[in-house]
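A.B. asks: Chain order of the listed sequences is R and G.
Per the working numbering: the first sequence = residues 1 to 380.
Per the working numbering: the second sequence = residues 381 to 712.
Hint data in this document are derived by calculation from the structure and do not stem from the laboratory.
Positions of the beta carbon are idealized from the N, C-alpha and C atoms, including for glycine.
There may be inaccurate statements among the hints.
[Stated by the list, open to error] What follows is a set of in silico ranges between Cβ atoms, one per label pair, in the way DEER data are often shown:
(1) Val659(G) x Phe361(R): 45 to 53 Å
(2) Leu444(G) x Glu355(R): 27 to 35 Å
(3) Phe489(G) x Gly304(R): 23 to 31 Å
(4) Glu180(R) x Asp665(G): 28 to 36 Å
(5) Gly240(R) x Leu682(G): 32 to 40 Å
(6) Pro502(G) x Glu333(R): 45 to 53 Å
(7) Asp647(G) x Asp142(R): 21 to 29 Å
(8) Trp443(G) x Gln325(R): 26 to 34 Å
(9) Ser708(G) x Pro138(R): 23 to 31 Å
(10) Gln353(R) x Pro655(G): 55 to 63 Å
(11) Phe151(R) x Ser708(G): 53 to 61 Å
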Amino acid sequence: MSKQILTRRDALKAAGGTAGILGLAGCSGGSSEGSSDSTETSGSTETAGSTATTSSSGEEVNAAFIYQAEVGDVGWDRAHEDARQIVTEEYDWLNTEFSEAVAPGDVQRVIEQYISSGMDVIFGTTFGYMDPMANMAPDYPDTIFEHCSGFRTEENMGRYYGRLYQARYLCGVAAGLLTESNQLGYVAAFPIPELIRQINAFVEGARSVNPDVTAEIRWTNAWVDPPAVTQAVNALTSNGADVINNHQTTTAATQTAAENEAWAFTYTTSMAEAGGDYYGNSAVFNWEEFYGPTLEAIHEGAWGSDAYWDGLDAGVVGLGDWGPQIPDDVISEVETVQEELVSGDRTVWQDTQFEGESDSFLFSEMQSYVEGINGEVPSS
Amino acid sequence: MPGAGFFAGLANATVNASTVLILAGLGELISERAGVLNLGVEGMMLVGALTGFITTVITGNYWLGLGVAILAGGAMSLIHAFLCISLNSDQAVSGIMLTLLGTGLTTFFGNSYSGNSVSGFPERTLPIVGDLLVEIPILGPALFQSTVTDYAALLLVPVVWLFLYRTNIGLELISVGEDPETADTMGVDVFKMRYLAVIIGGALAGAAGAHLSLAFNQIWSASMTAGRGWIAVALVIFARWRPERILLGAYLFGLFNALQLYSQALDFSLGAGTPLAGVLNPVIDFVMNPTIMSTYPYLATLLVLVITVIRAENRELAQPSALVQSYSRETD
């Protein structure tokens with residue numbers, strides 16, 4: 001049986017003459033391989049033998065993480081990879097592996113190879129993996145599947161996500177305090193509930209401290225189109241917006257906002273360098289707050305399939321580091337609001353048309369703007 | 381009704397969006413006029429964008445970055461030239477391969493640069509008359525408060541026109557694209573000329589990429605060209621292979637691009653009392669939908685194709701007669 005994990009980076013290494021043991025070296029090594037390509041190449045046939053025993057002993061947990069894109073310096077996959085490194089460091093009974101640049105069409109093959117190499121749990125981190133994972137799960141009842149950002153579960157497949165909109169709300173509170181023109185701008189990719197929810201929360205946060213705030217949204221209809229993002233930010237700032245937030249897989253919005261002397265907020269990872277003196281903060285995922293407890297449950301044999309959607313209270317979402325020029329009173333007010341949200345004294349959707357809506361509505365059906373946002377959600 | 385500020389912003393965005401199309405479009409036009417279709421524009425642009433960016437990050441010199449981007453685009457196009465001109469491979473296949481190769485390589489090697497930013501080409505007014513020109517309402521700031529690459533792109537339009545139609549080498553290049561056999565008989569080195577055209581095309585695509593990463597965005601982001609290479613290919617057809625029309629087409633396509641973002645603040649729908657409002661409003665919504673608007677460059681190109689074919693009096697399409705035809709000398 002071949003135990004090789006044939007992802008692209010491994011295929012490259014295999015071509016370099018270390019084929020056959022690559023999937024295993026990482027398992028038995030038990031330590032983070034970081035983002036470097038070089039750490040796995042010292043494996044030998046001995047490691048292959050030892051891995052087979054460790055993975056079946058029940059003591060250790062072998063976890064595989066699969067990312068759709070290459071893990072860069074910023075963005076979605078970076079946040080998952082950072083968390084993987086944190087939990088790998090933390091638990092000596094945990095061995096992890098990851099594959100990057102796995103297209104949804106290839107994920108089934110990658111998962112099959114991970115399972116055959118003794119992985120106990122598979123974390124799939126992009127929406128496109130949902131159907132392949134849910135379809136495979138019944139065929140592999142001894143493997144645990146965990147899928148991020150989707151809506152399907154199986155007996156041995158859970159799903160997980162973070163209430164990032166709560167962190168967006170906190171950015172909004174800061175924006176509402178910082179703005180002088182009372183106009184916010186937001187550049188977003190596609191008008192889907194996930195993005196609309198975060199936009200609404202950002203604007204609600206701003207209006208909770210500054211009811212005069214209005215916001216304008218520009219849709220680029222692309223996840224990555226830096227030139228269009230820059231054009232959109234230019235359009236927003238020339239219309240008077242002095243705080244810019246974005247939902248894009250690029251630093252272009254943060255960079256352009258700072259160039260136009262508007263405060264820049266963003267998400268998933270810090271973009272402090274791009275924002276410079278105008279950098280505000282970032283609504284970030286701290287996925288280790290999910291991966292840690294979940295892996296512990298698996299380790300203790302207490303795991304059960306569920307739909308995880310936690311927020312500030314669990315720490316799975318939060319804010320990053322503040323920009324260098326954000327006044328202390330703004331920061332302390334945001335911290336007060338954060339405490340109120342965690343304690344339940346305040347909710348994001350209070351006094352909006354979404355107050356009291358179910359999680360399933362919030363998760364997948366929100367399709368209109370809250371008060372204060374100009375225009376309407378375009379039909380997609 | 382939108383005010384002057386709206387139109388000034390729109391004009392500025394249009395000019396901004398057009399520079400990259402002018403540069404890449406002129407390059408592709410030169411290549412195609414010599415008979416070589418190069419569908420690798422997107423890939424060559426990305427390679428130019430990344431190599432220029434990395435060079436600027438390391439050296440801090442954006443001029444050097446631009447130079448390296450031009451060289452890298454040219455080097456990339458050499459692959460295409462070798463395959464298509466020397467080995468007579470299929471031009472479409474080779475070009476698409478070039479795009480895929482460029483996208484993959486830049487995603488891989490650019491990975492650790494995706495959070496970086498550089499200080500690249502600043503916006504400047506022209507010397508002496510610049511301060512006056514920039515006062516022109518609406519168009520002034522759009523045209524005369526720009527980066528060097530913006531000015532260079534505009535300047536290149538007449539330069540390429542003069543090169544193609546008023547120099548011997550330009551006319552030889554065109555003749556190679558029209559009838560390589562006759563050109564060969566007349567003593568024109570078909571292979572050399574086609575190599576030259578393809579390399580110029582690659583160099584300009586590289587410059588177009590560097591304009592994005594060093595002047596316009598000043599960041600690197602994987603796949604940051606987002607299809608502009610393909611729009612440049614469409615632009616050459618839209619322009620019917622003439623450099624002066626590249627300028628016109630680039631502004632039109634740039635306007636579509638800018639409108640897509642600037643129109644989102646406007647409400648075009650008719651009031652409830654207007655006749656036919658119920659019928660027209662869904663049409664207006666559809667026409668002004670940002671996703672639909674992003675297809676306008678391609679629709680416009682198709683329209684030009686259809687119109688020219690309908691009106692065609694003796695092959696008026698103006699396509700170089702020997703486009704996509706490989707040439708090999710008879711050996712008898």
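A.B. asks: For each hint, tell me whether it holds in the structure or not.
C.D. replies: Status of the hints after comparison with the structure:
no.	hint	result
1	Val659(G) x Phe361(R): 45 to 53 Å	33 Å, violated
2	Leu444(G) x Glu355(R): 27 to 35 Å	57 Å, violated
3	Phe489(G) x Gly304(R): 23 to 31 Å	43 Å, violated
4	Glu180(R) x Asp665(G): 28 to 36 Å	35 Å, holds
5	Gly240(R) x Leu682(G): 32 to 40 Å	39 Å, holds
6	Pro502(G) x Glu333(R): 45 to 53 Å	37 Å, violated
7	Asp647(G) x Asp142(R): 21 to 29 Å	57 Å, violated
8	Trp443(G) x Gln325(R): 26 to 34 Å	32 Å, holds
9	Ser708(G) x Pro138(R): 23 to 31 Å	59 Å, violated
10	Gln353(R) x Pro655(G): 55 to 63 Å	33 Å, violated
11	Phe151(R) x Ser708(G): 53 to 61 Å	59 Å, holds
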